[in-house]
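Produce the complete structure using the sequences and hints provided.
Protein chains in written order, with the numbering used here: chain S, 7 to 340; chain X, 55 to 408.
Worth flagging that the hints you see were computed from the coordinates, not collected in a lab. There could be a bad hint or two in this list.
To be verified - Between beta-carbon pairs, the in silico distance windows are:
hint	chain 1	residue 1	chain 2	residue 2	range
1	S	G109	X	G219	50 to 60 Å
2	S	D237	X	L187	24 to 34 Å
3	S	D194	X	A84	41 to 51 Å
4	S	D194	X	L187	16 to 26 Å
5	S	T210	X	E290	43 to 53 Å
6	X	R266	S	T210	22 to 32 Å
7	S	S124	X	G371	35 to 45 Å
8	X	P72	S	A318	54 to 64 Å
9	S	D194	X	A200	20 to 30 Å
10	X	R64	S	A208	26 to 36 Å
11	X	L112	S	D286	22 to 32 Å
To be verified - Partial chain S-side listing against chain X, Cβ under 8 Å, derived:
hint	residue
12	E53
13	P55
14	M75
15	F78
16	R82
17	E119
18	G120
19	R231
20	T232
21	K240
22	R241
23	Y245
Cβ coordinates follow ideal geometry from the N, Cα and C atoms, glycine included.
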Amino acid sequence: MPVHLPQPEPERRALPVHLPQPEPERPGAAVAAGRIHAHSGAVPDFESPAALAAGLADAGYLADEGLAMAGFLALRLHRPIFLEGDAGVGKTAFAAALAETAGVELIRLQCYEGLDASHALYDWDFARQVLHLRALESTGTAARGALSVEELEADLYHRRFLLARPLLRAIERAPCVLLVDEVDRADDEFEAYLLEVLADAAVTVPELGTITAEVPPVVVVTSNRTREVHDALKRRCLYHWVGHPTPERETAILRRRLPGLDERLAAQVAAATAHLRTLDLVKPPGVAEAIDWAAALRALAADTLTAGLADATLGVVLKVREDIELAAGTVGAR
Amino acid sequence: MLVEVAAKLRAAGLPVTPDRLAAFGEALDAAGVAHAYWAGRLTLCGSPDDIARYDAALLTGASPARGPSWQVRRLPERSLFRATMPPSAQAGGQDPVLSVRAADTEVLRHRDLATLSPAERAEALALLAQVALADITRAGRRHRPAGHGRVDRRRSVRAMLRAGGEPRPLLHQRRAPRPRRLVLLIDVSGSMSPYADALLRLAHAFTRHRPRWTETYTLGTRLTRLSPALRTRDPEVALREAGRLIPDWRGGTRLADGVAAFVRGDGHRGAARRAAVVVFSDGWESAEPARLGAAVAHLRRLAARTVWVSPHAGRPGFAPTAGGLAAVLPHVDALVAGHTVAALHAVLEEVRRA
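Written as C-alpha cells, this is what we have:
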C-alpha cells in the first residue's frame with residue numbers, strides 16, 4: 007500500500023536539546039532521577055474540521071466528515087485516535103497525511119506478536135557499553151583514578167547509550183504523529199504499557215529519569231479487528247470505523263493519488279471496485295487495491311476498462327483464487 | 055441535555071461511562087454543537103456494533119427503552135436446560151446401567167449425553183467443566199531458558215563476558231508456550247439439540263477459563279457470535295443470554311452458509327489463524343454439500359488444526375454418510391465422537407496435537 011512518508015526536516019533531526027550533556031565534573035548527573043523535558047514546539051491548530059480536511063486533501067488524502075472530525079478533535083483534545091476498518095481502507099495513510107498536514111514527523115510502530123518493551127520503548131546498547139568500558143580500560147583512565155566508580159556508572163548509563171525505540175522517540179521528538187499500526191497483532195501486555203505511555207506522555211528509564219513530552223504526540227492507533235482490543239485502551243481514544251468510500255469519493259481519491267489518470271477511467275475503476283464489494287468475496291478490495299488497479303491500467307495506457315482488460319488485470323485487486331473466479335466476467339464495459 | 059442523551063444511549067446498550075461522557079463534553083466544546091453527532095460517535099462508541107446502536111438510538115428517538123432492534127428479534131426466556139431424553143431412556147428399560155442408578159462418575163463419563171436424566175446430566179456437566187481446565191498452547195515467538203534445545207547465544211555470550219572471556223558451558227533456550235486460540239463452532243439446529251446445551255456449557259467453561267483465547271459461534275440457519283454473552287460468570291445467566299442471541303435455536307441447518315460466513319468474516323480477519331477450530335455438528339446439511347466442503351477446506355487453510363466433532367461418530371456402526379459429513383471429511387484433520395464426557399476429553403487431546 008503506498009504510504010506517503012513526509013520528508014524529514016533536517017533541523018528537527020538533531021537529538022533533543024534538553025537532554026543532559028556529558029558533564030564529567032558533576033558525578034552522577036545522568037543518574038539523578040529528574041524530569042527531563044523533551045523537545046518543545048506545537049502542532050499547528052486548525053480552526054474547524056473542514057480546515058483540517060482541506061489540509062489533508064492538500065497532502066493527498068481525502069478524508070470524509072467523520073475522519074476529519076476525529077483528526078480535528080485529536081489535535082484539540084490531545085486524545086489518541088483509534089481507527090478500525092478492513093485492510094486497505096486508508097488507516098495508515100491517514101496518519102501519514104495527518105503528519106504531513108501538521109508539518110511534523112511521522113513515527114511508526116508496527117506491532118507484531120511478541121513485541122516487548124525493548125522493541126517498543128527503549129533498550130540499552132549493550133555492545134557499545136562494553137566497548138566503552140574496554141576503551142576506558144585500554145586508555146587506563148579508570149586505573150589512574152581519573153574516574154570514580156559512580157562516575158563510571160553514570161557514564162555507562164548515559165543517554166547516548168540508550169536506543170530510543172518508536173514510543174520513546176515519539177516522546178522525545180514531539181510534536182509528531184505517532185502511528186501505532188495494527189495494535190491487534192501485539193499481545194495484550196503490550197496494550198498495558200502503551201496505555202501508560204499514552205496516559206502521561208512520559209517514559210521512565212530507571213537509570214536516567216523520566217522523559218516527558220511537553221506537547222503530547224498526536225497518536226493514531228489502527229486495528230484490523232483480528233481481536234477485540236481491551237476496552238481500557240479504547241476508552242481513552244476517539245473511536246472511528248473507517249468504511250469503504252463512495253464511488254464519487256473513490257474517483258476523487260484515485261485522481262488525487264494518480265495524477266494524469268483519465269477521469270472517465272477513474273470513475274470506471276471506482277464503479278467496478280464498488281461492484282466487487284457487493285459480491286460475496288473472501289476479501290473485498292479496499293482503496294489501496296483500487297489505486298493499484300488504476301495504476302496498472304494507467305501503465306497499460308488504457309482509456310476504458312473493458313471486460314477483457316478487467317479480467318486480465320483482476321489479479322491486481324483480488325488476491326484469492328475463489329474471488330477471482332467469482333468476479334471474472336462480471337466487471338467492465340461490455 | 056447531555057445527561058438525557060447519555061441515558062438514552064445507555065438504554066440502547068452503549069458503554070456510556072462517566073469518563074466517556076466527559077470526553078463527549080470536551081469534544082462538544084471543541085467542535086461545536088453543530089457537530090454533536092460526530093462528537094458523540096467518536097467518543098461514546100467502541101466498536102462497529104456500538105456505532106449501529108448509536109445510530110439506532112438517535113434515529114428512533116421515541117422509544118429508548120426498546121433497545122436495539124437486533125435484541126428484540128427473538129424473545130427470551132427459552133430455557134436451554136431442559137430434559138431432552140427420549141421416553142424409552144427415561145423408563146430405563148433398555149439401559150442396564152440406569153437400573154442400578156449409577157452415579158459413579160467413571161460410568162457417567164462414558165454415557166451418551168443425550169440419554170441422561172436431569173440429575174445425571176447436572177453431574178455430567180460438572181465433569182464437562184473440568185475438561186475446559188486443560189491448557190491449549192502453541193510455541194510462541196519468544197524464547198525462555200531451557201536445559202536443552204537451541205543454543206541461547208545471548209545468554210551464553212553474557213556468561214562468557216562475566217567470566218572474563220573464558221569459555222563457559224553453552225546455555226540453551228526453547229520457544230515459550232503461548233495460549234492457542236480455540237474457536238468453537240456449535241451447530242444448534244434441530245438434529246443437534248440433545249447436545250447443544252451441554253456443548254454451550256462446555257463453551258462457557260472454556261470462555262470463563264481463558265476468555266481472551268476462546269471464541270464461540272453457533273451455526274444454524276445463520277452464524278451468531280456468542281463469546282461476549284458467555285463471559286458472564288454464572289452459567290445459567292450466560293446460557294440464558296446466549297439463548298436470547300441465537301435466533302435459529304433448534305431451527306433448520308444451513309451449515310455451509312454459517313461456516314462460510316465465519317471463514318470470510320472473523321475467521322479470515324484473524325480469529326481462525328493459528329487457532330484450533332472445533333466444529334460440533336452432525337453434518338446434516340440441507341443445502342448443497344459441495345459448498346460446505348469448500349468452506350471447510352478454506353477453514354483448514356486458515357486454522358492450525360480443524361477438528362470435526364459429530365455425536366454420531368461414537369455410535370457403533372457409524373459411517374460418515376450424512377451428505378455434509380462426507381463432503382467435509384477430506385478437509386478436516388480429525389473426525390471425533392463427541393457424545394460423552396470421555397469423548398469430549400478425546401476431542402481436547404486432538405485439539406492439543408495442533
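Quick rundown of the hints versus the structure:
1. S:G109 / X:G219: 50 to 60 Å: Given about 51 Å between the Cβ atoms, the range holds.
2. S:D237 / X:L187: 24 to 34 Å: holds, 26 Å
3. S:D194 / X:A84: 41 to 51 Å: violated, 31 Å
4. S:D194 / X:L187: 16 to 26 Å: holds, 21 Å
5. S:T210 / X:E290: 43 to 53 Å: holds, 46 Å
6. X:R266 / S:T210: 22 to 32 Å: Cβ of R266 (chain X) to Cβ of T210 (chain S): about 28 Å, so the range 22 to 32 Å holds.
7. S:S124 / X:G371: 35 to 45 Å: violated, 60 Å
8. X:P72 / S:A318: 54 to 64 Å: holds, 58 Å
9. S:D194 / X:A200: 20 to 30 Å: Between D194 (chain S) and A200 (chain X), where Cβ atoms are some 25 Å apart, the hint holds.
10. X:R64 / S:A208: 26 to 36 Å: holds, 34 Å
11. X:L112 / S:D286: 22 to 32 Å: holds, 31 Å
12. E53: It is violated, given that the least Cβ distance between E53 (chain S) and chain X is near 11 Å, above 8 Å.
13. P55: holds, 7 Å
14. M75: holds, 4 Å
15. F78: With Cβ-Cβ at 7 Å, under 8 Å, it holds.
16. R82: holds, 4 Å
17. E119: Given a least distance of 6 Å, the restraint on E119 (chain S) holds.
18. G120: holds, 4 Å
19. R231: holds, 6 Å
20. T232: holds, 2 Å
21. K240: At about 4 Å, which falls below the 8 Å cut-off, the nearest Cβ of chain X leaves the hint on K240 (chain S) intact, so it holds.
22. R241: holds, 6 Å
23. Y245: Hint on Y245 (chain S): holds, closest Cβ of chain X at ~5 Å, below 8 Å.
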